[in-house]
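There are 2 protein chains.
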Amino acid sequence: MEIICVGNELLIGKTLNTNAQWLAKRATTLGITIKRITTVGDDVDEIANAVREALERKPRFIITTGGLGPTFDDKTLEGIAKALNRRLELNEKALKMVREKYEEYAKAGKIDAFEMTPHRVKMARLPEGAEPLPNPVGTAPGVLIKTNGTDLIALPGVPSEMKSIFDEYVAAMLRKETGEITFFETSIYADNIMESTLAPLIDITMHDNPYVYIKSHPIGAEEKPHIEIHLSTTAKDSKTAKDRIGKAIIQLSELIRDKGGKVKLLKNENN
Amino acid sequence: MEIICVGNELLIGKTLNTNAQWLAKRATTLGITIKRITTVGDDVDEIANAVREALERKPRFIITTGGLGPTFDDKTLEGIAKALNRRLELNEKALKMVREKYEEYAKAGKIDAFEMTPHRVKMARLPEGAEPLPNPVGTAPGVLIKTNGTDLIALPGVPSEMKSIFDEYVAAMLRKETGEITFFETSIYADNIMESTLAPLIDITMHDNPYVYIKSHPIGAEEKPHIEIHLSTTAKDSKTAKDRIGKAIIQLSELIRDKGGKVKLLKNENN
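If you're matching them up, the sequences are chains P and U in order.
Be aware that the first sequence starts at 0, since it is given in numbering that gives the first Met the number 0, and climbs by one per residue.
Be aware that the second sequence starts at 0, since it is given in numbering that gives the first Met the number 0, and climbs by one per residue.
Hint data in this document are derived by calculation from the structure and do not stem from the laboratory.
On a predicted model such as this, the values are computed, not experimentally measured, just so you know.
Treat the hints with care, as some may be off.
Put simply, identical chains are the same to the list, so a pair is met inside one copy or across any two.
[Unchecked claim] Calculated cross-link-like contacts (lysine-lysine; reagent style BS3-like; alpha-carbon spacing at most 30 Å):
#, residue 1, residue 2
1, Lys162, Lys34
2, Lys13, Lys235
3, Lys238, Lys261
4, Lys13, Lys162
5, Lys145, Lys34
6, Lys34, Lys24
7, Lys106, Lys223
Isolated chain P, as found in the complex (with noise of 0.2 Å):
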């Protein structure tokens, strides 16, 4: 899978990008490997080159989240279109989607009257073929396009929505793909050992369990350090994932204490 954020303000560090975060640990949790996670600015271009090359790479889905608003700049949909050399085209299922969240609106006394302006049809407005799924909590529906063995999902910036529509129509579509394939993962700690130091003994344990992916994350500074040591793994149920993981700590903490180092199953809360 690949994961395409579409929006200017993480292009200047305005914005922390934890919509990526969140959709790459939740897509992981179903088994889904992410490949690639790219940003672009709201541009037609660099939007429709992003996607373009991200299916020229043939991943099973491709997701983006922004730009799929009311704004001038939100240009997401516009840019897929041009990467599929499709038209955008007023989806009936998708304006009929937008307009009962404006009557609803207008009905409860939160906007003064009903109107389907040009900036809320526009929300409506989804490249040929494409599919939209409805927005549970906010206007802009997010959309599904198939496109030779890829699934393009695209869903809203604002992150209430893209979870939503996520959990809702797009998490199912994942386990769909890998079954009950479970992704499990752990954290120990070392001390009093260089991250050079324990190199090796993590290249050791590695080989020796074959299936779980080891790999260090200085916390403290070099000279001082405290390591998180992340193993994760992912198999057809949890408990042979739980053994695997549980049998490499056991090898790789034996290896750190023979090199003078302590291991810790919790974070040093002063650094």
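Please arrange chain U on chain P, whose structure you already have, making use of the hints.
This is chain U only, laid out in the frame that chain P set:
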């Protein structure tokens, strides 16, 4: 400029990509435009592909973060070497930097004995023609490679090390490129107006203020709207920048009030 972030921890959603935001913000403030941020895993081919594709777009700068350390999965320099069709070679200047760090640690009693293990020497194996950048707070040097009009700069993934090398060496390289250009940004907040009603007002204001970029970010839900309106510009001096933003704020505030909305200078605390 483009940013390439390397690390499986980013692709599984374990780590929030604060490095990308920090770099994007610092570079933007120095007047540099970031066009794309790419995240890939600890895989030589994935890194090489991301670097090669970025080079083809001919940015003035590419900054990578992550993957310079002593462990087996620190593969950024191998990926860069592959993208550039250069070999990795022991860089004597880099080796001296790494050696001096470990000698210092041994002298201070922070490690048992000074020893240049293969994992430590690895941090000094740079692509041919590369220039090491001293790491003020860690062991792995940064790396600068000039190629075909692009300065490719590799920084560590540990935030304190990345920031330290950036501030010490990279900031000056970027500032030299942009001269005296200043980036200025501010936000105002609107209540009682939906984003879809605000959209045409932003269009008008941006049309009348061509150097000001305005983007709305809904914070509340669309039916109970609290909207951040972010205004930014880049100018030769900060007075020009502030005058431009001020003029746009006055015009947009009037338009919002005409539609029954309220404009605030601070964010609602309860959202």
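Exercise. If you check each hint against the structure, which ones fail?
Worked result: none
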